[in-house]
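Trainee: Protein chains in written order, with our numbering: chain A, 1 to 66; chain B, 67 to 347.
In case anyone wonders, no lab produced these hints; they're calculated from the structure.
In this text, a Cβ means the ideal position worked out from N, Cα and C, and glycines have one as well.
Heads up, some of the hints might be wrong.
A short, non-exhaustive set of chain B residues, derived as facing chain A with CB atoms under 8 angstroms [stated by the list, open to error]:
1) 115
2) 167
3) 168
4) 204
5) 206
6) 207
7) 249
8) 268
9) 300
10) 301
Here are the computed distance ranges between Cβ atoms for each label pair [stated by the list, open to error]:
11) 54(A) / 302(B): 15 to 25 angstroms
12) 147(B) / 45(A): 20 to 30 angstroms
13) 85(B) / 39(A): 19 to 29 angstroms
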Amino acid sequence: MRLTVNGKPRDVDAARTIAEFLHAHDVNPQLVAVEHNGRIVRREQFSDIELTEGDALEIIHMVGGG
Amino acid sequence: MAVGTKRDGAVPLTLDEIRRYQRQIIMPEVGGVGQRKLLDAKVLLIGAGGLGSPAALYLGAAGVGTLGIIDFDDVDMSNLHRQILHGHKDLGRPKVESAADTLHDINPDVQVIGFREPIASDNAMDIVAQFDIVVNGSDNFPTRYLVNDACVFLRKPLVDGSIFRFEGHATVYMPGSGCYRCVFPSPPPPGAVPSCADAGVLGVLPGIIGSIQAVEAIKLILGRGTPLVNRLLIFDSLDMEFREVRIRRDPSCPVCGDEPTITELIDYEAFCGGAAASVLS
């Protein structure tokens, strides 16, 4: 399955949901916000939203420095 | 009508002010009326560090009349590669004092109000309430949530910025149009954040993000242009790329949602080895 992740194309096989995608990429879901096809997804829904061919994901890491 | 002419009861610009700000006054988007707005504006900077330095320098130079700066820290050698408000001669001085000196050197007309104290639940509301706009240059998550919540409660625009290593974020949260918690509802759990002292940051990076914050604050004061509202700008300096993520108010947001569960300020525990303000400070 081909997704667009942070603006770049990426082939993803092992992930059916956002939660699985984050897990497969070693991303702690508590440290990111995720935009799925232009909508910010609530953290509790990461396991519910299924990914399909052509989806766009933005993984936004929490950045706290100043 | 001449720029310095009294109009609508506003205090006219002085000859020195006209000379100092002429290059921006001649732009129709600013003009004498806009310059008066800048001179009358009160902006609070959270932190006189990496982000606060360029933001304060440009806001002060542009003639923003009152700059509040809250920072309890002293200038350390490790600050100097990015915190351009402070110089080698300022080592060991309180940052608010060093910042005031630098700003007065550039523009003696700016009133700098320094708060040499940590911002916390017991002083945040009183301090934020004194200003029109808050520019966030905080260096830690507990302060970010505190400042966000205070701005929601007091309905103050929050010009947000943050940096980490080579990446920076910037956005503007306007009252009623979403807040930091709409994107990141709760702080990262203790221990989950990489060791802040070791993480590092490119010195130039806050120069870019802090300057973007200054632009946005000036636009809000002037009421000109399209503010960076409902758009999170993500800057990757390694690839030299800007991305934009659409953000919006979450009706279930714990602080600005329809049924908020957070109705007073929270002092979160420090996440980074117990030193909340040591992070990239």
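Trainee: If a hint holds in the structure, say so; if it does not, say that too.
Mentor: Quick rundown of the hints versus the structure:
1. 115: 6 angstroms, holds
2. 167: 21 angstroms, violated
3. 168: 18 angstroms, violated
4. 204: 5 angstroms, holds
5. 206: Holds - the Cβ of residue 206(B) comes within 8 angstroms of chain A, reaching about 6 angstroms at its closest.
6. 207: 5 angstroms, holds
7. 249: 5 angstroms, holds
8. 268: 11 angstroms, violated
9. 300: Because about 7 angstroms separates residue 300(B) from the closest Cβ in chain A, which is inside the 8 angstroms limit, the hint holds.
10. 301: Because about 10 angstroms separates residue 301(B) from the closest Cβ in chain A, which is outside the 8 angstroms limit, the hint is violated.
11. 54(A) / 302(B): 15 to 25 angstroms: 23 angstroms, holds
12. 147(B) / 45(A): 20 to 30 angstroms: 41 angstroms, violated
13. 85(B) / 39(A): 19 to 29 angstroms: This hint is violated: roughly 50 angstroms between Cβ atoms.
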